[in-house]
Amino acid sequence: MERGVLDSVKENTRPGFYSTSQTNHSFIQFSGIEANMSLDLHPTIPQRDKASVQASKLQRRNTRKLRLFEPALVKMAFQKSFVMLDPREMARNPVMFLVEVGTVLTAIITVQSIVNGASLGLIVYQAILTFLLFITVIFANFASALAEARGKAQADSLRATRSDTQAFRLRDKNSDEGDVVSSTKLRAGDYVLVEAGQVIPSDGEVVLGVASVDESAITGESAPVIREAGGDHSGVTGGTRVLSDRIVIQITAEAGQSFLDKMIALVEGASRQKTPNEIALTIVLAAFSLVFLIVTATLYPMWLYFEPTKPLEIPTLVALLVCLIPTTIGALLAAIGIAGMDRALAANIIAKSGKSVEVAGDIDTLLLDKTGTITIGNRRATQFVPLGGSAPRELARVAGLASMADLTPEGKSILDLARQQATLESDAPDGSTFIEFTAQTRMSGVDLPDGTRLRKGAPNTVAQYVYDQGGLIPDGFQTTVDGIAGGGATPLAVAENDRIVGVIKLEDILKPGIRDRFARLRQMGLRVVMVTGDNPLTAKAIADEAGVDDFIAQATPEAKLAYIRKEQEGGKLVAMMGDGTNDAPALAQADIGVAMNSGTQAAKEAGNMVDLDSDPTKLIEVVEIGKQLLMTRGALTTFSIANDLAKYFAVIPAMFIGTLPQLAVIDLMGLATKGGAYSAILSAVIFNAIIIPMLIPIALKGVKYRPVGAGALLRRNLLIYGLGGVIAPFVGIKLIDVMIDPLLAIVGIN
Amino acid sequence: MDSTLTWLHPAWALAIPIVLSFPLGWLMFRALDISAANAGKGFDAIPMLLLRLLGRKTPVGMSWKRYAFSMLTFNLALFVITFALLYTQHKIPALNPDHKGSLGELGYKIGDDDHPGADTGVVFNTVCSFVTNTNLQHYSGEQHLSYFSQLAAIVWLMFVTPASGLCVMLATLRGLRGDKDLGDFYADLFRGLASVIMPYCLIVAVLLVGTGVPMTFEGAATATTLDGASTQTIARGPVAALVAIKQAGTNGGGFFGPNSTHPFENPSPWSNMLSIVSIVMLPMASMIMAGFMLRNLKHALVLYGVMLALLVVGLIVGVNAEMAPSAAVRDLPVAVSPNMEGKEVRFGPVASATWASITTATSNGSVNSMHDSLNPIAGAVPMTLMMLNVVFSGIGAGFENMLMYVIIAVFIAGLMVGRTPEYLGKKVEAKEVKLAMIAVLFHPLLICVGAGLFAATEWGQKTVANPGSHGFSEILYEFTSAAANNGSGFEGLGDNNPAWNIATGIVLLLGRFPALILPLAVAGCLAQKKRVPETTGTLRTDNLTFAGMLVGTVLLVGALSFMPAVVLGPVADHLAEVKTAAK
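In order, the protein sequences belong to chains C and V. Quick note: to get our numbering, add 193 to the position in the first sequence (first position is 1). Quick note: to get our numbering, add 269 to the position in the second sequence (first position is 1).
Just so you know, the hints here were simulated from the structure itself, not pulled from any lab data. Mixed in with the good hints, there may be bad ones.
[Said to hold, decoys possible] Partner residues are not named here, just some residues of chain C that face chain V (Cβ under 8 Å, in silico):
| id | residue |
| --- | --- |
| 1 | Gly718 |
| 2 | Gly827 |
| 3 | Asp837 |
| 4 | Ile845 |
| 5 | Gln855 |
| 6 | Leu911 |
We treat Cβ as the ideally placed atom computed from N, Cα and C, and that holds for glycine.
Here chain V stands alone, though its shape is the one from the complex:
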């Protein structure tokens, strides 16, 4: 490969969404942060019409508790309905041309032991996974789901769960800027759906169809192969609609099991670029929106910049690492090339490593290559980005996560300038700090306890595909992906069995809702406080010094929480390879 062109792809993959995020962020601000007086005017008429269907004429003002309660009840309802739907999908007459059975009848495998028959674990896992905007898939869409389930369960959740995250972000921002009420959850939800996510997805879907992604309600096609004797069943369906929202909504769950490596989900370099851009588009734009809503664009840009810097570093490390050949071919007398193991030839190592970074930085989790086959250091990049979980991350969720680090950074930095810490003119005291620390604590708790439990027991030991550190990485990756609500799989892991399904299901839920509600609570508390005027003695949160402080906090807390696990997994894996190569 021409080395001068290596960085062209990642450069475009970042430049396009960065440029577009500014106008889009402004549009989001205009569409979502609407005062009571302007409610229902212009494009806002549609969401307000939907709100009227709930029996509410105008948006109400909610406290953070009521807002959180509305969000939770809504999500609980989603959980119950989706569970029922997936369990009984074979009884629903519509849109099931291939007569798929209940998802609860899938059965599972542990090692080589087959356990056919009833297993609700996978249903539980799938529902948790989609309700939390994660899309960790322990099933294969084209084999196990009817079109109706794909649309009514999967695609529907793909729309409303990122919208839920966006809603919480809106409420948090209102609290931070000192609004007494944090808005109306349902108004925000409908506005997010009708004014932002749906129009945006429509554009992406049309563009995807243009690149060759299928969009049909017909059943699987049967084709006669070239030898003329045998036939082949080719799965298809309403793919473009699903792929559009899967990328745009930081969902990542594929229509097909192989996700975006599948030629129907991601047929060409063009669809690949389109996908990458739309993966990171809304998370980026929402940071700009935050700047407008807080009336403090500089502060939002500091957060944006910190996220971007971390992403760029991860991306460069990842792409660089993939330039080396895979360990498997290193000693063989073949031409030295970048690591092509587990790659789609139409994308190659650069586009694959770029995708791997961006999809794990945002909590998207769709894949266009096997992460299991990445060179160890390149494989550590997605893992690290998910462990930090603040690099754009999910729509709304990324900001919420970052806010917790901001509170901690502000607290420590504030002390260092000799004042009781303040954030956006509000004093940060014991209560806020407590909430922020609990939120930060959850992430290592879920990952370390989960990985420790599965590493020490047969649950993990029997389901890994590789021995040693690489196998440990598989376990670590799965829990990290679940806790970060990312959903990408390292794969190589036999994860469709009750132990994994239930464990990751619980981790998914605990990785999602506390991470949304705790920052909301912080914002709710701060909103009640008196604004402290800014002086030259006040710690500024809109300059490079603070950006440095924030990067330091994120990296130090991240490094300190996960370093032992990462050392045992990918680092030891990498060093072992280096050692073998040296011999």
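Next up, chain C with everything else stripped away, as it sits in the complex:
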């Protein structure tokens, strides 16, 4: 094998390395792409049927979308829940740490009661309480372990591609010689040669050659992509497979430091750090816990004032404390954060940090590329304008014939339109010579066997062509051309020999529903800025039609960077998407820079997210995921604290009813007065514990985000999680009490 590589390298002469068009087999395999590339319009990504692209993406997502309680993951998470009981780990979460301390305290007192020979009822009560507090901690650990396990499972699917491969390391870039090493031995800066059928050993940049690469292992996209030296499509990812040709790659990542490695570590939570907002929320929760610690701890001395006959039991105070501190959100906080990244990953976005997902929710301005995001990838011919007395059918026929060999989407669309308006043979007559588009001639067309020369191209070029042959420019040519250009469309002139027969109108077609989508974004409070290479006039027309708030015309990377800076100076957070190396500064400057996976390594390094689908509309999804993450935190915090009211009404009467019998009135739920004090307290603690696993689905899936504006969103969430949080425990605790009363009666507790 190694021999073969060396041989083939030697067989290939240098020039052959630079130009694939001279390498025979690659030309055959990718002739369609070659034709595109020669037109220099859409050089890399093979055009594929839209529907099949969509289908493969959906399939990809479904494989990433795991069942919520996947049995294997549940098992793994369950085991992890016990490992996480280590106090050093628990201390990261002050709320649950407090519960753990309370559990230990209750356990000690239970043992003490047994030793002292307390009444059986008391011992059983304390033992049950200890158990309930313990499972509260376990449930909390389970929630974050499950979220981590889901992340890990997704990471594993990615890691599967990271098998240790053999790499052929070259002495230097232009050398033919080298040695075979394990991919783990590769260093940044090494050059490796990868040929058809081999797996790319690590992240890198193509420095020599061009090849088609199957990136489906990472992106789920089955169509191969072209990666070539120089330009914006030179980045390759470790674990992907070269399908054709051979390339020399300069490794950019140390072993274990590659993009994929970092991502796996991040998803698995190994390098997960608390995000700023998570820290702030943890402070709030810790402070609330401290308030309740003070409240319950001082309740004991207050109680002594009443010279009670029955002592207030410490386990009961611990139970009250655990009910009051925000255990629900405390238990689910880590899970919510991990789930946010998981959701991003499920959408084929890799966030480089949890923080970036959070920031995404705050984005004020979206920089969207026109092509592919706002308009469907390519311009389409929408109208033929005949000039100089030519008949419409004639123009359609000429335009169609001239486009027969034009495989660009524009060319195809002209042919499509021509076929609708005129009868056209399926092929050009035998003996026709096709004239390809070149940067010099700036025209393409066909020379028919009868000597007729049909040409289409930029209006002034075609006009010059006609003029040079002594032909005349028909009346109204310039006004027609200007009119089309002024409306945001592109005019193409069509000539037959020395005569201009008319003008084709090529229009940008907006993606269906894009206006509504932008209206939704505006509801979310986002400003949409269209970025395009078009001239300002064209840009404005499209911007108006699509309903964007602003546009950057004739956009250069510098213009984008300047725009981002300007927005940021006004305090706005900007998100953009890019793929080229020259996009890297803007990607780095933007608060959220999403690099397309098809882009260069530099772009991927500069951005804080990578979109594996290379889908420009992904930005919108990114923002929604960020908002969802924050909303879930807020909603569950509200729910958790609102729960406390009912818990007070359950526990306080139960605690004091023995000494201050008049407090029976505030036993609204009829717990302590009916089933006894212990059942009331246990019901509250059980509710407090089981609400955690019950809310895991919300924590992992996220609270639904609706683009309805902040006020409506707040009212809705306050109603569901605030008011719902007040009412739900009244119902829940009562139900549990009804259920456990007979059980407790059996063991003789009341």
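Here the structure of chain C is known, so what remains is to put chain V in place on it, guided by the hints.
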């Protein structure tokens, strides 16, 4: 009583200050928020002249730390000077016609044990109490203080401590609106005194004299009683001046021990109405001022509205509860009437319950009836309002307290709309949240720990006048009043002894200065941040939704912190009465 007229008094008591708060708030804004260019012009000449006496030609710009430091040093100086003055008042020759001795020679009682002689505890307590704008009085002014002390210690502190609170509020507002420097503490202090508080008090004092409040430097009068044989000493003094600032400055400390129940402090229904209005006037007006300073009147009105709503609810509950007869007479064969126990007949239950609500909502604490004698639920209203401590509260202090709840509400609500929380265009992050939570934490800490400590020990158990829940309420009330810097007493409590004096003294200080400095620090932090432009995705803080969110936050945090204590105290007290009545 004619029931249709019941609500007339509280309606007027709120309507007048609400209407007046708008022009007054605007005037405060014009008088206090003066740019460097306009300093010293017009009425500002007087405060700027005073500033020049400090050796400063123009106001300087202070950071929040420097501002807080200036405020603290100023208050420390007040503390030391006042302590010395009260301790040595008998050595000062001027204005002591009745030859009052040192306040440190008062002695104390625990239960029935007398401890005469030296006790500096009461001096410490009194100084803490007045430096913190609280006026929790463990002494009786007319018995224990010389006129000089009344004026130079008490009245002087009554002027400068609310001014200190106002200063901190001004600095906080400047920070919130994004000013890089928060102003000059001393310039603000002099402006607050010379341009707002003094002129306002002058008007109130003159009106009070018109209603019959004495204003004299002559010693106590001696009168021969009607039987012609015995004589009576009638205490008097510069009462009108003190009463004016006691009400206007959310102070509440009376010239006389019985405070505004005393006929010389509050002779008639007219003086009563005047007092109620001036109690709540400046706290209300300062909220309007906040709206002008923030250039966001709607947001200020939301805060104002939330405070007002809480006050109205408390007031209605309180007045309603006082319509029932006292438990003591409930089973007796007497005419059923509202609760008249502990009331001045010239005010009656409605005016008394109204006063009780308003004086505890604001951190005033003057009383015109015995709060101890209020029916339990009516007694719970003042306690609840002090536990919330955000219903107008002290001048400046009320806004500062409310700001902390606003930060918490903004943080949680902000998350719920899917954005990192923002307040007035500034991101609320870990640091601000931490400061706000510490500030909110202090209140339950001081009250619960204090009440728990005294309830479990002889310090509390031996000093209460009633057994059971009512006695516990007395302890709880005293600590709540101290922590909220209110100063009203539930009374019935033998609180002039070292344990109470020192404990409440410490609680007073910890209830005051962290509550002023932490919000200032929050504003200082926010001021440094970049302003985030508002979009439709931004949480609005100037609409009803946010008002609801804020009420929810205040009530939930308040309810959750204090519910067990309130249940053991007034709720159990009330339910016990209901039970007895039912039998």
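Do the hints match the structure? See the list:
no. : hint   : in the structure
1   : Gly718 : holds, 2 Å
2   : Gly827 : holds, 3 Å
3   : Asp837 : holds, 5 Å
4   : Ile845 : holds, 6 Å
5   : Gln855 : holds, 4 Å
6   : Leu911 : holds, 7 Å
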